[in-house]
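K.L.:
Can you build the whole structure from these sequences, using the hints too?
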Amino acid sequence: MSSVNPYSRLPRRAYWRTSVARAARTGTVLPGLWTPKFSLTRDDPILTAGSCFAQHISRALVQAGFTWRQAERPPHGLNDKTARDFGYGIFSFRTGNIYTTRMLAQLLDWTLEPDSQDHETWADGDTHLDPIRPQIEPGGFETIEELFMARRATLSAIRRGVQESSVFIFTLGLTEGWMNCRTGLRYAACPGTMGGQFDAELHRFENLQYPDILNDLDKIRTQLRQINPAIRMLLTVSPVPLAATAAADSHVLTATTHSKSVLRAAAGHFQSLHPDVDYFPSYEIVTNPGLNRQMFQDDRRSVTADGVDYVMQHFLQGLGIDGPTVDLPDLQDSRIQDAVAKATEAQDIICEEIALDRFNEDRD
Amino acid sequence: MKTVIEAALVGDSHASVMIKSGEARGLEFRRAIAAAAPNFIGAEFTTAQDGRTRFQISSLRQDEALFGAERTERFARKAAKLDVLFRQAFDLRLPIYANVGMTAIHFVRDLTTAAQANGQDGTLISARIARAAARDYIAGYLRFYGTLVRMAPQVTCVFGPTRFLPENRHIWMAYDQVMAGHLADMGIRILDLRSAFGGDDLLLDRRYYKDPGDDLVHANDRWGLEVVQAIRKDLAEAAQSMATDHI
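Respectively, the protein sequence lines represent chains W and L. Residues in the first sequence are numbered from 1 upward in steps of one, following this note's numbering. Residues in the second sequence are numbered from 1 upward in steps of one, following this note's numbering.
Just so you know, nobody snuck in bad clues.
Covered stretches of chain W, as calculated for chain L (at least 3 residues, CB under 8 Å):
{"id": "1", "region": "75 to 82"}
{"id": "2", "region": "131 to 142"}
{"id": "3", "region": "150 to 162"}
It is worth saying that the hints were derived from the structure and are not from the lab. Note that CB positions come from ideal geometry on N, CA and C, so glycine has one too.
P.N.:
Here it is as structure tokens:
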């Protein structure tokens, strides 16, 4: 006969069978998956930044009635589609995807000290690309002055947005990145892929490790609090796999697992150190096969609309907020919904990293 | 002695400056159709039951709850007057010179004011974005000009005074470029006098500022008169060119 032990009074959520397996059978949300460390109401101004999955979060927050703060609004009169083409309305700022913690730390450095920003640009014919957000201006900036003028607007919007917001949601996307080994500039993409020219002498691959991510997160928290001491951070990890890996002798599957594991572990540990930092498990909800849901579209990278809804239902449940009535489709019907969602979203979610697949010549 | 220019001039307060300064020197347009810019914003031409083209101000300016009875009545009277003048100009088959929507100041102001309301500096945008915003902004004007092209033998547009600030020049020029490009695509001629009235950067020269009483928006009577003279010259050249074509 078993005696009373630490497992005997645990809630259902602590057991796989009564939480995950049950949710998988019923298609319902996982009760108690996320218990927020701090309150978050629909009136709290929220900022979003990070990798492409953060775009889903921005939109879902708006749909759920949260005060998603668009700190850098498009110019008056620009229609929604064109505004999105120019990088407005996707994240809180016109940053494009910020895939790594190092990129965000760099951007916040420049926000705090604009004079410290790097002035490298990428020439593209007669136009110029910003190496920290090469796709932000379709067709490129016509003058270098415009490029830095636009960057000044973004840095100013970041400062103002952080000052005026309660929560900064950052979605960690990748550990892999590229830098200029002379200047230390971190690029949004490897030079030569979306712009610029690759120079093996100058451009160095870096694959951030657990201590790097922790250090970066610590720096980011300090930077944000320099601007707004009351701001809180909510971390998520993007469930979207790497489009490609540049890690030596690596397979993209193991590189993805490695990258996401490092990010997940660092985010988890970092939140445990600070009462003003929380972690929301969107990564687990989307990627865990135990939930038995069709979370990815046919490309096995893009998250389905149903998947995003399911993630946001957990978000709202955790906050104790009734969401808008979102009818989760039966699992059998999700293919149809996915097909529709895929058609609409294929052009909609801007994932610069997928551009790397252009270089995939499908060779052995 | 009065000289009648066989054309209609259609425009806003800048056109009023042209009309007044021209008339002061005895130069009159066959039809002068001028009203403050808001009369043309959102205005449209409709086809009445009798098949005639009618000018209508925007529904916003017909909103009594917003403007009050007295002002809406005044707007309606002005609209009726414009409607008559347009019909006469169309019936007379007059060539039209117009400056409606040809002064970027409203666009620049709207853009910068909206940005300021959000704590942003509206001038920190690229020319490419400004052009994209301008393309949407001018949609109503293009519909307006679409009717003029259909109803008049020839439509020519003239720019208003280019009174930008150094920090928003690129936005102003982007607007001018988009507007002129779209109008040209519709077969409208552009009588571009900006360099005649300004320096290399096309900023209106100080000699065309009102002194005293400069409002940073309008130009003085000298500007108005010179535009009218340029229109007159352009009309004569166009007539001569047509005559040559017929030989």
